[in-house]
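Visitor: Listed below are the residues making up each chain.
Number of protein chains: 2
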Amino acid sequence: MAEEKKQEVEEELDEVETTENDSNEKEAEEIDIPEVSEVEELTSKFNEMEDKFLRARAEIANMSNRNKNEREQLVRYRSQDLGKKLLPAIDNLERALATEVTDDQGASLKKGVEMVLESLTVALKEEGITEIKAEGETFDPNLHQAVQTVPAEGDVEPDTVVNVLQKGYQLHDRVLRPAMVIVAQ
Amino acid sequence: MAEEKKQEVEEELDEVETTENDSNEKEAEEIDIPEVSEVEELTSKFNEMEDKFLRARAEIANMSNRNKNEREQLVRYRSQDLGKKLLPAIDNLERALATEVTDDQGASLKKGVEMVLESLTVALKEEGITEIKAEGETFDPNLHQAVQTVPAEGDVEPDTVVNVLQKGYQLHDRVLRPAMVIVAQ
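Residue numbers (the working numbering), protein chains in the order written: chain A, 3 to 187; chain B, 3 to 187.
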């Protein structure tokens, strides 16, 4: 009866070994222990496999979270490149609007440009791209690039942005281009 | 000896059962089989766990591929929304350029608008947004929207686009807006 059982156990173990390839090292260690129970060995293999399964399940949960975050970031900042490339166009439209016009055709053209500028600004805003507040704000090196300083006069506090030479833009919390400013000191 | 072994096996099984919670149904089935070997049961549990591990590993590989594809799609089509919103601005700039100007200020304004249009077109192209070919092409309902038909005359083949009323645009293979066209019949 005991002999029969032993053989059965060994057959079971053979089966297990053919399906389990990466625990040979562990088996080699266990061989040194005398009279090791086949059931103990099998239990150890099971525990090892369960551990691997639990780790894999944890990895699946991690991957799922990581990928969700990545997708959210990609969507949130998806307009960064195109938005950045549109800024010079907006600068140029604003510059064009500074042109004085003297006749009806010029006025009509200018009206058209104004509408385009408005529609571009709205499109950028819908994607989260907005102008950086600058004039009258306290100078912030993260948002403003000081290209000139002037003495603080009258009731202007030092470190105040007194003039904007080129508008800055940000996409949500990311600065696409800092505002180029003159700062009172 | 056989008795001692049996007890050992039972102890092992208790341990296994505390770490294995979702195979109760299977155990219930096995109880009906008389004199089931503990080793057989343990082996069956091991095989089941190994199967779960292999499935989890396959799921990890699938997730990884799926997420890579999703990211690629998100990047490839990221400019779809902003690009679509820019199309009316481009239409308006083109319309503005059709204005006749008579003096230097008007000409200067027009020159500025031309440069803006050029820079917008380049920015869109870099993001994969291009004008849909229409005039002279064979009418394609996926790319063109026929708003009028005219009789095919001279050497114009039937089903040819003879005039474009509003330009169409596509982002890679996706149509952002079909071209509005007149088709010869």
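Wrong hints could be hidden among the right ones.
As the list claims (entries may be wrong) - Simulated pairs of lysine to any residue, SDA-like, Cα-Cα distance not exceeding 25 Å: (1) 169/B with 110/A; (2) 86/B with 102/B; (3) 86/A with 97/A; (4) 70/A with 130/A; (5) 86/A with 66/B; (6) 127/B with 153/B; (7) 127/B with 100/A; (8) 127/B with 76/A; (9) 86/A with 129/B; (10) 113/B with 100/A; (11) 86/A with 64/B; (12) 54/B with 50/A; (13) 135/B with 153/B; (14) 127/A with 135/B; (15) 87/A with 50/A; (16) 70/A with 169/B; (17) 70/A with 64/B.
I should point out that these hints are in silico values taken from the structure, not numbers from a laboratory.
All values reported here derive from a predicted model rather than from experimental measurement.
Visitor: None of the hints should be skipped; say for each whether it holds.
Guide: Hint-by-hint comparison with the structure:
For the hint linking residue 169/B to residue 110/A, the alpha-carbon distance of about 23 Å falls within 25 Å, and the restraint holds. Restraint check: the Cα-Cα separation between residue 86/B and residue 102/B comes to about 28 Å, which exceeds 25 Å; the hinted pair is violated. This hinted pair checks out: residue 86/A and residue 97/A have alpha carbons roughly 18 Å apart, not beyond 25 Å. Restraint check for residue 70/A and residue 130/A: the C-alpha separation of about 20 Å stays at or below 25 Å, so the hint holds.
Proximity of residue 86/A to residue 66/B is assessed by CA-CA distance (about 31 Å); at most 25 Å being required, the pair is judged violated. With a C-alpha separation of about 35 Å, the suggested pairing of residue 127/B with residue 153/B is violated against the 25 Å cut-off. For the hint pairing residue 127/B with residue 100/A, the CA-to-CA distance comes to about 28 Å; that exceeds 25 Å, so the pair is violated. The straight-line distance between the Cα atoms of residue 127/B and residue 76/A is roughly 20 Å, inside the 25 Å bound, and the hint therefore holds.
A distance of roughly 12 Å separates the Cα atoms of residue 86/A and residue 129/B; the hinted pair therefore holds under the 25 Å criterion. Taking the CA atoms of residue 113/B and residue 100/A, the gap is near 14 Å; set against the 25 Å cutoff, the hint holds. A threshold of 25 Å between alpha carbons decides the hint, and for residue 86/A with residue 64/B the separation of about 35 Å lies outside it, so the pair is violated. Of the supplied pair hints, the one linking residue 54/B and residue 50/A holds, its CA atoms being roughly 13 Å apart against a limit of 25 Å.
Restraint check for residue 135/B and residue 153/B: the C-alpha separation of about 21 Å stays at or below 25 Å, so the hint holds. Our distance criterion of 25 Å between C-alpha atoms is broken by residue 127/A and residue 135/B, whose separation comes to about 31 Å. As the CA atoms of residue 87/A and residue 50/A are separated by approximately 55 Å, the hinted pair breaks the 25 Å bound. Pair hint residue 70/A plus residue 169/B does not hold up; C-alpha atoms about 37 Å apart against a cutoff of 25 Å.
Among the hinted pairs, residue 70/A with residue 64/B is consistent with the structure: their alpha-carbon atoms are about 15 Å apart, no more than 25 Å.
Checked against the numbered hints above, the structure violates hints 2, 5, 6, 7, 11, 14, 15 and 16; every other hint is satisfied.
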